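Undergrad: Put chain B on the given structure of chain A with help from the hints.
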Amino acid sequence: MSPNILLMAHVLLGVLCLLGAVWLFVETLHISDANLSRVRCLSRVVAITMWIGYAVAGYFYILHYAPDKAVILKGPWPFAHSVFMEVKEHVVIMLLLLVTYLPIAAQSNLAHNAGARKLFLTVLGLIAVIAFFADGFGGVIGMGVKVGLLSK
Amino acid sequence: MEPTSQTESTEGLSKCTVSFGISLAVACIFNALLVVLKEKSPATMAWMKKTSGHHWATHTLLSLLVFIILGLILNRTNNGNSSKSDSKSLPSLIVSSVAIGAAIILGFYLFID
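Quick mapping for you: the protein sequence lines, in order, are chains A and B. Just so we're aligned, residue 8 is where the first sequence starts under this note's numbering, counting upward by one. Just so we're aligned, residue 1190 is where the second sequence starts under this note's numbering, counting upward by one.
What the hints contain is simulated information worked out from the structure, not anything from laboratory work. It is possible that some hints are incorrect.
As the list claims (entries may be wrong) - Partial chain A-side listing against chain B, Cβ under 10 Å, derived: (1) Y68; (2) F91; (3) V94; (4) L104; (5) L105; (6) Y108; (7) S115; (8) N116; (9) A121; (10) L126; (11) V130; (12) G132; (13) I137; (14) L157.
Claimed, not checked - Straight-line alpha carbon distances no greater than 16 Å define the calculated EDC-like cross-link-like pairs of lysine to aspartate or glutamate that follow: (15) K76/A / E93/A; (16) K1238/B / E1228/B; (17) K159/A / E93/A; (18) K125/A / D1275/B; (19) K1229/B / D1275/B; (20) K1229/B / E93/A.
Said to hold, decoys possible - Computed far set for chain A versus chain B, every beta-carbon distance over 12 Å: (21) P10; (22) N11; (23) L26; (24) A77; (25) G146; (26) G149.
All values reported here derive from a predicted model rather than from experimental measurement. Here a beta-carbon is modelled for each residue, glycine too, at the ideal position from N, C-alpha and C.
Next comes chain A alone, as it looks inside the complex (with noise of 0.2 Å):
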């Protein structure tokens, strides 16, 4: 497959894990035994777009980023690599823990528990969070490209 369909695919696949993380945040707000199902079974599409996501971005940074690399490193944006591109490897880790976590935190009686609610409502923000900030990321690495190849 293109690299360019990895590429637009793995930020297609963050935005909606993106998405469905703010989605389920909101329908956990107003949770009741009637949406409970529907919390439970979005919890993990979400974690599944996101391991999809994440396997499709690790088979281009693996196989297809060293070319991108080589261009930053060489433009005037090196941070893009050099502090963008590292903390997203290593922070989005953290990220598919949380995804992976969420269908567990998501088996307690959200309608009726609490504790489990504020839980879940926490790991929910972190994941929106996390991936907002990785989405941004993955832009300034776009345009550390981008400016690479125009100053050539």
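TA: The following block gives chain B in isolation, referenced to the frame of chain A:
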């Protein structure tokens, strides 16, 4: 928060939720410390590259293994009782570990590496 139709439960969190919540916190700190270790130790970096073909893939695998194995161990050793204090302290523990982990990684690449 929207009130529910029935009375709120006073029970704590499930055994599994607490066990894997603690292992999540530990795995986040482990992940950050592994960044520092592999970047500062050429031998560790070489081993991680050799193990899976790429240091980042090994890094991901090790962090997941810590999360899963520690979660399973805690789940076995925990008797199944969780107190109300667990439901109060676990969110703080997870937020703290994610914040500290992110700060270690960001600080390392900004100021040390």
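Undergrad: Run through the hints listed earlier and report the numbers of any the structure violates, in increasing order.
TA: Of the numbered hints given earlier, those the structure breaks are 14, 17, 19, listed in rising order.
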